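Please take these sequences and the hints and turn them into a complete structure.
4 protein chains.
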Amino acid sequence: MAANQKVNIGVIGAGRIGKLHIEHLATRVPGAQVAAIADVVLPAAQAAAAQFGVPRATADYFELLKDPEIQAVVICSATDTHARIIQEAAAAGKHIFCEKPIDHDLARIDQAIGAVERAGVKLQIGFNRRFDPNFRRVREMVAAGEIGEMHILRITSRDPAPPPIEYVKVSGGIFLDMTIHDFDMARYLTGSEVTEVYAAGGVMVDPKIGEAGDIDTAIVTLYFANGAIGTIDNSRKAVYGYDQRVEVFGSAGMVATANNTPDAHTLANASGVHGACPLYFFIERYTEAYIAEMRAFVEAVQNDTPTPVNGNDGRAPVVIGLAALQSYREHRPVKLSEISA
Amino acid sequence: MAANQKVNIGVIGAGRIGKLHIEHLATRVPGAQVAAIADVVLPAAQAAAAQFGVPRATADYFELLKDPEIQAVVICSATDTHARIIQEAAAAGKHIFCEKPIDHDLARIDQAIGAVERAGVKLQIGFNRRFDPNFRRVREMVAAGEIGEMHILRITSRDPAPPPIEYVKVSGGIFLDMTIHDFDMARYLTGSEVTEVYAAGGVMVDPKIGEAGDIDTAIVTLYFANGAIGTIDNSRKAVYGYDQRVEVFGSAGMVATANNTPDAHTLANASGVHGACPLYFFIERYTEAYIAEMRAFVEAVQNDTPTPVNGNDGRAPVVIGLAALQSYREHRPVKLSEISA
Amino acid sequence: MAANQKVNIGVIGAGRIGKLHIEHLATRVPGAQVAAIADVVLPAAQAAAAQFGVPRATADYFELLKDPEIQAVVICSATDTHARIIQEAAAAGKHIFCEKPIDHDLARIDQAIGAVERAGVKLQIGFNRRFDPNFRRVREMVAAGEIGEMHILRITSRDPAPPPIEYVKVSGGIFLDMTIHDFDMARYLTGSEVTEVYAAGGVMVDPKIGEAGDIDTAIVTLYFANGAIGTIDNSRKAVYGYDQRVEVFGSAGMVATANNTPDAHTLANASGVHGACPLYFFIERYTEAYIAEMRAFVEAVQNDTPTPVNGNDGRAPVVIGLAALQSYREHRPVKLSEISA
Amino acid sequence: MAANQKVNIGVIGAGRIGKLHIEHLATRVPGAQVAAIADVVLPAAQAAAAQFGVPRATADYFELLKDPEIQAVVICSATDTHARIIQEAAAAGKHIFCEKPIDHDLARIDQAIGAVERAGVKLQIGFNRRFDPNFRRVREMVAAGEIGEMHILRITSRDPAPPPIEYVKVSGGIFLDMTIHDFDMARYLTGSEVTEVYAAGGVMVDPKIGEAGDIDTAIVTLYFANGAIGTIDNSRKAVYGYDQRVEVFGSAGMVATANNTPDAHTLANASGVHGACPLYFFIERYTEAYIAEMRAFVEAVQNDTPTPVNGNDGRAPVVIGLAALQSYREHRPVKLSEISA
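Protein chains in written order, with our numbering: chain F, 66 to 406; chain Z, 66 to 406; chain C, 66 to 406; chain Y, 66 to 406.
Treat identical chains as interchangeable: a pair holds within one or across any two.
In silico EDC-like links for lysine to aspartate or glutamate, alpha-carbon gap of 20 Å or less:
hint	residue 1	residue 2
1	Lys302	Glu276
2	Lys71	Glu364
3	Lys302	Glu211
4	Lys273	Glu214
5	Lys71	Asp132
6	Lys84	Glu349
7	Lys302	Glu231
8	Lys302	Glu214
9	Lys234	Glu276
Hints were generated in silico from the structure; no laboratory data involved. Keep in mind that this is a model prediction, so the values were computed, not measured.
Structure (structure tokens):
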């Protein structure tokens, strides 16, 4: 399509993240136009359409796939539908933005990626953190050689509050639901592939999470193809807010990034010097990143250039997550080569 | 008008700040609709209209004032037209948002405010910094008594680069053009009125500024009605970026705010520990504040509530600026009561 | 004397600051030996002598001046005795370290300096802050041209608690007692002389300070010989501790220094992110500076080199302080040339 | 001995750390008196004695053990002599301060501790970091329940430069030489015992370290008896200086500590905002901690109270270090219960 033409987009799924993308596409992404919204819960689609002036709402996303005016879809439906819809959308010739993860099952991921490749459409996976100014700056400095040869990666990633137990049960577990973002960060920041992991963890935040078969606190050791090593620490509950810090250390220095706060005030009084907590959670913390990833997707469609987070980038962190899960269960380091579709 | 109805807005002036407001009104202020743009340079109005999907562009702002569908105008024209257009818009029954300053002449300011009062329309002046999250937080803490009784106010306000000399010549001088924002901040943060000032300054950045009859570096001492004192330091050129810090000190503590940066990275290497410069200038630094002031204006119109920065708030900093100018010229402290229309 | 020989020192005055110097000389200044302590309150001298293993204690400081084994005296007696003892010590051929200020009266200061010059002995004044690593680093960077040509100096200097009212009454007032350190800093950091001042202030901390004829809160504007301007803000009571910050801004950048804290911890919890208050007061904050100034004095005596803070450095801030006092009283800017002995 | 009596101390070993302790004992520990210095290199002992006014220097430390006037010894000799000298000093009835580690061999450690217990003398091990104000503050806050129940410990500990290869060869390896301090920190900060470790690492700094059979970069996962988990990352070479940070995260918050710097300056210029590197290495970073540990030892002797870092505190980190070494070599998690004397 012409680079200056608006991309007509159909959004599939009008839940929390779907509405977020609709708002951004409608107001903050000049090259995009939301043509239709589909949600199995029709009133959800209708409400979002009304709020953002979208002309069409439907309960059946096939309507979007069949519409020749729609060039691209943004998939925000339940995780277990991602792989299937990717295949269907690819078959319909639509470019695809899909929320992470593609699936928890490698075979299904590979089917989806295969369908995309056969159809020659674009696929971008929603690893939004890559578009955050802090992490982007760290990546740029690492890539520019500012820290020399990389030796150690350190990621702290803690949520402010655990998800509902019902979600935990279908989430795929902490490694595939939460740490997966950090695995993506690890690949993004270092430009190297993870080859092996060792995962430790436990249930410290809420015993119900344990009863649901998951853990809520974890430390994962990473081995990289370039010889470096890394460590990720996760918690489902940091009472002070969303804690999102990374640090890359190398032969010539170290680059790190602090948390973002709602304001830069400092209060000094008799009890100490006080500042604001980090921004509460991903909606607040990553607004600009969500917008930037959509702009990048729309530009890739407009300019017919590769998307910045492709199918393989969607697959690789799942492999790391499956290895971490196995490592935790078997209490031993697990090579990624042990994980297969 | 009904609270859930969109406010039809006419924007007068499509220069840099005008385009900024048009973009925000079009994309970030849900309650607003830009109905028309006027600019004496018609192509400027037309280009902005095309870019943001505004249906009408004209060289004659009277068209906007005459249009019964337009409820409010946003005045972004040259400073010397502000007072006159305010009167005309008030006479036409339009609610008014006007960029600062209303005028450099108190008599004309008073005529404009008088016209607004007689017409019973709303007037909001564009002191955007009041809507910045940092300064807002400081104000809230001061108002909440977090620092007890206020003793000292300290403002550092330095631009990254001086304006063109042609602009300097018509700007009214540093106190009415640049420090005026800090005078507004002083009133806003303390909730008290300035009663007297003492201004020191000089030409240190560029001799051409001196040749144009202005200075580029200043320190202003403030006396407040509540007994507190304050100091403002200004420079037209901080090579490290836009330096915008305030501090309020009192009997129970101190609250201050740091600069905002484009990212929160830290690079440590053999030569030290390094971070990003402050955001470059007002466009970058105050984007959210510009949006928030427009939302506040639109909400005041929708809900028929007072605007948060009224005519008197537009007048008072001009009085302080005139007193500062006189203080600088006469090399003595000047009481605000010496300044009259 | 030989550079490797210990300097025998007599300390005159064993009050708080005297004991501090005795401890440092006895334990932290390798080139010094405290030979005797004099205090009009003999038990004070005896107690200090016993504590730090000093062989002699006396109520009569003339004993020290007459002792040929003593090469230098450290004067820590009441301020109104400084000028006289300097003259007596100079006449006795002793090198002299004297606490600030020399006197509040310029004529007496000049007599003291004259006596020192005639005797050819060394004189160092106790402006300890010059030896603080933070301020030293700022000075070095300014002197090295890191900020280009200096435009603005900003000093914040706030005590944690006011002195006793009895002390306030004989202190010479805030400008000669407290701000005098900042006037010295202004000269030290900029390498330029102050030529004119404007002082604002008030009684905000304690009405008793006002009843004693003094003020407790002040802002002083400074004009420098090099064309730059500056501002100092003072309070006698910062509830969060000793607030000692400086900032020098110039054509190529800005260098500033933050407060020191007892530790570098950060606590993040649901109410915010919290750190330690600044070190409480000058004893805690400037310990290393007090030691370094004594080392510098002893080395100047050993090596027969100029002292780093000489008589003129002791006189100049008094002139600035007298000008500030006059400015405050007469409510007008005062040139230093108006002040005469 | 009487609480107000000075403790006569013999120092065994006058190398770098020995001289450091001698200086502190001579000048900064009021309750101590260095009675004699022993070093197999007699001139080293003599030079230190001359420098700090110590009356006796000898090549034979048995002279010190035999001297009834000496109540305590400070052992700073080569690591492989520690256990033996502890036993000899205990047999001689001397209280003992011994540099870490006691030994690399658990059987010899147990012999040394047994000898100390039989003799009823005091033993303090030189884990100096426990006396650092930053770590002490973190420990106090954890102990006070400020972070609730502990979930995650994170330690970053990086040296500015690797030791000489000759030292590496006899050091016992990174886990027993360098990480041992972090293992001690882990026990100190959490108040819990480590039960299992997993160690990853490699040779990234200098291939010669690999040729010497050691690694220079490591990440160690810790499991604690209280259910928490932790991670330590180490490097032998951080070009920006000694990087010593800890963080304890729990159910109610997080407490962390930053690095110390030689000064608190900030330089802002066109290229960014710059501050000082961390203090270079342990001598600079831990001066106050070294003094505080000596004061604590001397007070324990004077007051006949337990030492704050006892024999078991010296033994436990060696067990963790041996487990880490085995984990690294066998590429699997290792329980501390697998390690035996």
